[in-house]
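S.K.: Protein chains in written order, with the working numbering: chain L, 65 to 408; chain Z, 564 to 931; chain G, 8 to 406.
Be aware that one or more of the hints could be misleading.
[Said to hold, decoys possible] Here are some chain Z residues pointing at chain G (derived, C-beta under 10 Å): (1) I612; (2) L614; (3) A618; (4) L766; (5) M857; (6) Q887; (7) D889; (8) Y918; (9) L922.
[Stated by the list, open to error] Just a sample of chain G residues kept apart from chain L, beta carbon distances all over 12 Å, derived: (10) A68; (11) V122; (12) L162; (13) L164; (14) I217; (15) L239; (16) Q368.
It is worth saying that the hints were derived from the structure and are not from the lab. Keep in mind the model is a prediction, meaning the values are calculated, not measured. C-beta: ideal position from N, C-alpha, C; glycine also.
Chain residues, written in single-letter form:
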Amino acid sequence: MGSWIRGATGCVAAVAGMVLAAQGAVAGPTLDAIKAHGKLRCGVSPSSAGFAYPDDKGRMLGLDAEVCRAVAAAALGDGDKVEFVPLTTNVRFQALQSGEVDLLSRQTTETFSRDVTLGMNFAPVVFYDGQGVMVPKSLGVKSAMDLDGAAICILPGTTTEQNIADWFRTRGMTFESVVFEQPDEWRNAFFQGRCDVLTTDRSDLASSRAVANNPADYVILPETISKEPLAPVVRHGDDQWLDIVTWTVNGLIAAEEKGITRENAAKLAAESQDPEIQRMLGTSEDLGAQLGLDKDWLLRVITTVGNYGEMFDRNLGPGTPLDLERGQNTLWTDGGLLYAPPFR
Amino acid sequence: MPVSRFGPAEALAAPLAPPAARGRLAQIRATYFGTPRNAVVSLFCLALIVLAGQATAEWLLLDAVWAGGPEACKAGEGACWPFLAEKLRFAVFGFFPYEQQWRPGVAMLLLLAMCAATMLPALWRRELLLGWVLALLAMYLLMAGGILGLVPVPTSQWGGLPLTLMLAVVGFGAGFPLGVALALGRRSRLPAIRTLCTAYIELIRGVPLISLLFMASVMLPLFLPEGWTIDKVLRAQVAIILFAAAYIAEVVRGGLQGIDKGQYEAATAVGLGYWQNMILVILPQALRIVIPPMVTLFIGFFQDTTLVTIVGLFDFLSSIRAAQRDPSWQGIAVLEGYAFAAVVFFVFCWTMARYSRWLEARFDVGHK
Amino acid sequence: MPSDASARPQGGSAGGRLAALVYGDRSRGLLWQAVAIGLVLLLGWQLFGNASDNLARQNIATGFDYLSRPASFVISDKLVPYEPSDSYGRALLVGVLNTVWVSFLACLFGTVAGVVVGILRLSPNPLLSRLMLAYVEALRNTPLLLQLLFWYALLLLMPPVREALRPLPGVFVSNGGLFVPVLHWSAAHLWVGLALLAGILAAFPLAGRIEERALAAGRPPRSWPAVLPAVLGPPLVAALLLQPDLSLDRPELGTFRVSGGGRLTPEFTALLMGLALSSSAGIAEAVRSGIQAVSKGQWEAAEALGLKRSLTMRLVVLPQALRIIVPPLTSIYLSTTKNSSLAIAIGYPDLVSVSNTTMNQTGQAMEAIAIFMAIYLLLSLLTSAFMNWYNARVALRTR
């Protein structure tokens, strides 16, 4: 019987070892937790060209992925210290609530109920979007008003799912909803003709069209069904962490406004006489310390991913497969909606 | 479950057996074309087999695309072999870092070797248990890294076949002692213990595995003290263990019920206490009886681990689906991917099923 | 296990009241139970405390109020009227009914197919029995989820609706579903259907009595001359009386979709197919081993009486085998019901997928999961209760 007991003790010890090794086992605010973990766990879309998609080597690219890198650069000092967690729309909030990710940067629309009842807080909007619908050209449809009775492919648990229901209902029209959790399957079902219409944010429609075998076969209809302000999300209850994410995003926008780029950031930090640039890049006051970071935090962010305009051009703008105009996503000084509060 | 003592042919063909058939040919004729009805049945089956065989051969070999990329497969009619060739490694290892994939490879071989060893009754000794503990520990260290110069790999990047095998084997292995305890508890004389164990078993068996996986992935973190997190893979593993335990308990209970009452009385009479009685007398006999149904149960769990894809884990089936979704292959090699997964699962499960039957036969002989 | 404490070596040497208290069988039992209950309570209290702390700290809404709020998502496959403006509670009802409906049909078709395959597995013709063996092995040795995904992928490979195949006039086969003409449904049709059901139910005891009498008299049992009118009579009378509308509602190809007629969506079809096929494999095995467990002597006795093989199977062997088959059948029905939760993988709006969308929109995961677990438990209990009742009946009848 002795060997039985020894065996059992060994088993217990091994299991306990696995548990301890696998868990973060840290208490306290998010920043301490990710520092202890050594990486920022960031929830992104499994596949959305321009926002988050893996390249051939498995490296995540896209605007959302770069927001993760920017926050990692601010909080951990290295933009590569990110563990990307691909999440479908239907599990993303649970992943954030349960602590599986510390930041959700996944084309998530800010809404009242998500902010108030879902236990989440939103950082500033990184992309102003609107819901659209895409159909095959061969249908000959010119307007979304002609879509009565169509079958629509939908991603479950999104605002677009609810918006399209409202939009059809208020116009006395009906549709058949066909849901797919995986964005690739959802897109593919549309290309295979399981549904007549694909609906999601217009930017995402553009990225879906970009991966079609023949993008010219599909047309995005003129109607914009809803407002979709897409923003990074954090858990409710950790103000310090929310501040870090919020001001990282603000910093990216302000950097574009101030003309700070990836190339000139280090030079400006040393030479610029603009007091706000000095504050932002940590040469005059130490704003970083007030966030619980060091004073070079924003300089690091900008040398890692560039300013907002650079991120947009690299991932979404003309020359990329998505080929999007800046539109509303341009600085307020150019008539857009991007407006970062002052760094003071 | 009733076990047949005779094969189908003996059981029912006997009343119809042909009178002293002359030679092999005559025997075949009698078996397949003995009566007009039988002849029709035989011809129908033959036609079905030929048609299915032909269709399979055409798809798999004759019309198949052997070389080229997605374009070639799109143009071709049959199976797309280049897809499998290109995606095989990804399908097996998922998103595990490419240069490090020898690690899950070795871990998987180790696991399979241990399974093979466990299947030999000659090796059923206590050392085997110790071997398993060491093997699992080695597997874990190999996959997770962080020591001996191995690059640490977070569990979010574990995937593919090694993960599937690990979830099933660890789930069953860790569920087993729990299941035995529950089975004993359900047969306990103490009403409170009996009620608790019965409630647990029936509760778990009454809900689908998916609900436990959801609970583990969504609710469990909310039940932990602030700041505690448990790894996602571990959470799913815990759900599978808890699920397995309830089913194992019922199989073990069946075994316990099969033990003659005299064994209990005899053990008590020689002055053994409850635990001594159970560990030395009853359990060794009961567990021996339930090994074949246990293997069958394991086959079910092995298949059920595919459900973890629904809570976002990256098992073998998920990595096949991810390979199919690669934009350049999208919608081209869907059936090929599933067919490949089916073949892999079939090989594993069929082997185990045969093993279970072999064991059953072996035990039957032993009893006579 | 009546055991004497003094028989234990420690009990004898230690003596004293304390030892008796600790080692005494009765008090030790109480102690164990108290410890177990205490541990469970402690764990429960701890978990509850943690959960309420976490929910409060993260400001996640709690309670079941959300059930009455508008769901605002569309469910297309439904058995009862439902609009996006209806409540989450109603959406849940749609999900429950879908789960029950698809499980019921899968069990029904699975049983029919399983019994046939199980009997054919025992065919004296090796070709046929091997073919059935291949069917069973292929289905039992691959994961159900994989089967579902496979069937669904196969159905999506069909042509889109606008290029649908039309094997028969009014029938459309497409990856948007199968469309067939149906009757314009009315109350009259319902009554005819109920009459048919009544006829079928009445025919069972009738056939039983006729066969019993024929066997007792040594005649070959031939019940169909009496059974046929019993089955068809009531619906015919009902049809003549009520004159139901016999015109067909034919599906028409519209701008996008096919309108009118009856329809099976590919999601529903794939789920039903997958569940029914996989349960049929299990049932076939249960039927086979049930039949094989019936003693060989029964066959020989029936043969000696001059009964044909098919009659022996139906009148002698199957009724006895049924006693053995029913318990495994129960567990197959239970697992089929539980397996219908895999619907979520192919987008059929069953209980789990509706709950999943609900918890995603409301963030109330605990409540949503608690509700669907409770419903599955209830369904499992009801199925077990029904099958136990049936089992008791079968057992009594064949004794």
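S.K.: Look at each hint and say if it fits the structure.
M.R.: Hints and how they fare:
A hinted interface residue such as Z:I612 counts as satisfied when its beta carbon comes closer than 10 Å to some beta carbon of chain G; here the least separation is about 7 Å, so the hint holds. A cut of 10 Å between beta carbons decides the hint on Z:L614: the least distance to chain G is about 12 Å, and the hint is violated. Hint status for Z:A618 relative to chain G: violated, with the closest Cβ pair at about 14 Å, above 10 Å. Because the smallest distance between the Cβ of Z:L766 and any Cβ of chain G comes to about 7 Å, under 10 Å, the interface hint for this residue holds.
Checking Z:M857 against chain G: minimum C-beta separation of about 16 Å lies over 10 Å; hint violated. Among the interface hints, the one on Z:Q887 holds; its C-beta lies about 9 Å from the nearest C-beta in chain G, closer than the 10 Å criterion. Checking Z:D889 against chain G: minimum C-beta separation of about 15 Å lies over 10 Å; hint violated. A distance limit of 10 Å between C-beta atoms decides the matter here; for Z:Y918 the minimum to chain G is near 13 Å, and the interface restraint is violated.
For Z:L922, the shortest C-beta to C-beta distance to chain G is roughly 17 Å, which exceeds 10 Å, and the interface hint is violated. Not every C-beta of chain L lies more than 12 Å from that of G:A68, the closest at about 4 Å, which undercuts listing it as non-interface. Consistency note on G:V122: stated as away from chain L, and its beta-carbon is indeed over 12 Å from all of that chain's, at 35 Å minimum. A cut-off of 12 Å between C-beta atoms contradicts the statement that G:L162 is not in contact with chain L; the least separation is 9 Å.
Interface exclusion of G:L164 from chain L breaks down, the closest Cβ pair being 8 Å apart, not more than 12 Å. For G:I217, the requirement that its beta carbon stay farther than 12 Å from each beta carbon of chain L is met, with the minimum near 50 Å. With a minimum CB-CB distance of about 38 Å to chain L, G:L239 clears the 12 Å threshold, and the non-interface call stands. For G:Q368, the requirement that its beta carbon stay farther than 12 Å from each beta carbon of chain L is not met, with the minimum near 6 Å.
When the structure is compared with the earlier hints, violations turn up for hints 2, 3, 5, 7, 8, 9, 10, 12, 13 and 16 and for no others.
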